[in-house]
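Taken in order, these protein sequences are the chains called A and B. Residues 4 to 302 (the numbering used here) are what the first sequence spells out, left to right. Residues 4 to 302 (the numbering used here) are what the second sequence spells out, left to right.
Bear in mind the hints are in silico, worked out from the structure with no lab data behind them. Computed from a prediction, not measured in an experiment: that's the story for all the values here. Backbone N, C-alpha and C fix where the C-beta goes; we use that ideal spot for every residue, glycine too. Hints are all accurate, no fakes.
Here are the simulated lysine-lysine pairs, DSS-like style, with alpha carbons at most 25 Å apart:
1. A:K278 / B:K52
2. B:K50 / A:K278
3. A:K219 / A:K235
4. B:K57 / A:K21
5. B:K262 / B:K201
6. B:K52 / A:K50
7. B:K21 / A:K57
8. B:K278 / A:K52
9. B:K50 / A:K52
10. B:K50 / A:K21
11. A:K116 / A:K96
12. B:K165 / B:K179
13. B:K258 / B:K278
14. A:K50 / B:K278
15. A:K158 / A:K170
16. B:K21 / A:K52
17. A:K21 / B:K52
18. A:K50 / B:K21
19. B:K179 / B:K201
20. B:K126 / B:K203
21. A:K126 / A:K96
22. A:K282 / A:K263
23. A:K21 / B:K21
24. A:K50 / B:K50
25. A:K203 / A:K158
Okay, the calculated bits of chain B under chain A, using three or more residues with CB under 8 Å as the criterion:
26. 4-18
27. 37-45
28. 69-76
29. 79-89
30. 98-108
Number of protein chains: 2
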Amino acid sequence: MEIKITFLGTGQAVPTAKRNHPAMLLQYSNENILIDCGEGTQRQFRKAKLNPCKLTRLLITHWHGDHILGIPGLLQTLALNGYNKTLEVYIPKGTGRFFNLIQNIFVHRGAIKINLHEVENGKIIETPDFYIEAERMVHETPCLAYSFVEKDRVKIDKEKMKKLGLKSSPALRELKKGVSIKVKNKVITPESVLYTEKGKKVTFILDTAMNSNAVKIAKNSDLLVCESTYLKQEQALAKNYGHLTAEQAAEIAKKSNSKKVILTHISQRYDICEKRILKEARKVFKNAEISNDLMEIKI
Amino acid sequence: MEIKITFLGTGQAVPTAKRNHPAMLLQYSNENILIDCGEGTQRQFRKAKLNPCKLTRLLITHWHGDHILGIPGLLQTLALNGYNKTLEVYIPKGTGRFFNLIQNIFVHRGAIKINLHEVENGKIIETPDFYIEAERMVHETPCLAYSFVEKDRVKIDKEKMKKLGLKSSPALRELKKGVSIKVKNKVITPESVLYTEKGKKVTFILDTAMNSNAVKIAKNSDLLVCESTYLKQEQALAKNYGHLTAEQAAEIAKKSNSKKVILTHISQRYDICEKRILKEARKVFKNAEISNDLMEIKI
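The task is simple: from the sequences and hints, build the whole structure.
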């Protein structure tokens, strides 16, 4: 099935006229999953003509202001606009106190139902169609990267079915279970009409210093969304503040065998020389792009 | 002296693509005074090409989310960008706990110096050039309106001085004290060379139900910035939620003898019919305008 990613914010701590703070929306079937929620994210929803009331889950990478300051306003707007689901919220283990605090900083009008999950590395969500896994990153404060992994699907080759004269769903159900069936004295194996459609994988690596877990979680991603805060000339700063250079983001894409990398978390310092970020990344990994606010990508 | 107002946000609780949450910047001499600070205000500074590091004071009307959720991000950005003054912050009496909470909802990098003032009605700031006064409004939670009042200035009529052959500053100092002087046996009264330039007044009335304090604080304003959340057809809602209709905002302007009213705090519900707001207001008070994000006005 189609996975659509909308970049709601592609800047970092200090916003610029063209880049809001980090937030990305992943849409898949009935799921609307928001990854991080920087200040102003609810307004970015409006600009992208997306309805925040369709949100199903919120995944937070870590508790630096630029990744979470949009939460209280978003929750208030959901309450005001009649949100009637339970919002599933995932945050790094041990940071629940921040989530409780953030809901008490002003005089609210109404509230929505929330399920708070404090999560560590490993599989944190599993449904019949996909799972989401987390992996610990290296930052000043507990920080997680997340992968959305669509499960492989067994599909029917309709052409082959037609040739074999197969129609009935009971027969198909048997084949899907991996059992051969007999039609007109002819044995039909599952392999002869079924095939596996490989699930897609999207990985989100936000604030982190270079580390092997980043390569591990990004393994074989169809799309890697990766922070790229610094240029090579500032690699000492990158290490000091727990961030990646464009080159390092590209290295993660290459080592993890990802198909494509989209760079995000772009610093205000490169506002007038952003092409250099892409140039440095593409030297290491060709299929690299730089994200922009309200950019959409479908895979 | 010139007073410049920049409307950084003109919407309310739920932002729209064209209206951010409430925030207004008043610039006067070396003062940069921010009135309210809704989510995303720091980015509005960037869009307006204004430097938030020039801020001197922050005045908060009340602790509903749309008026304060930009504070933590703004403080973080000031810290990251080397703000080296002490920010004077004014909030309604009894709401200090919110200000303390708001600074602890995420893992900060650095901090700036802040003087927090919990204020009531009356004069809350006084300098040689201006004062600011507050007045209690009627809302769900403690809420203040603010007036910026430039003091009257005694000015010299240079033409008259020339005619009288007056030059020396000691003589002028005497005249400014209100003392007559003698020049070549001729008595010169202060009134003959001095005149008073009336100071200007700008009033900000944000969230409130109709009340007599609103007229009182707006008295003789050169500019009244006034919330206008509802149309007349929703006046029951306005009363219920502690807000004004466009007509009521215009009535305050009229009764207070203000010269001009600019309507703000515009609801998402009127996104496609905003002209009606202005129409209803102008029936009562002609010199009415509707604010837009990044609009500037100089008086």
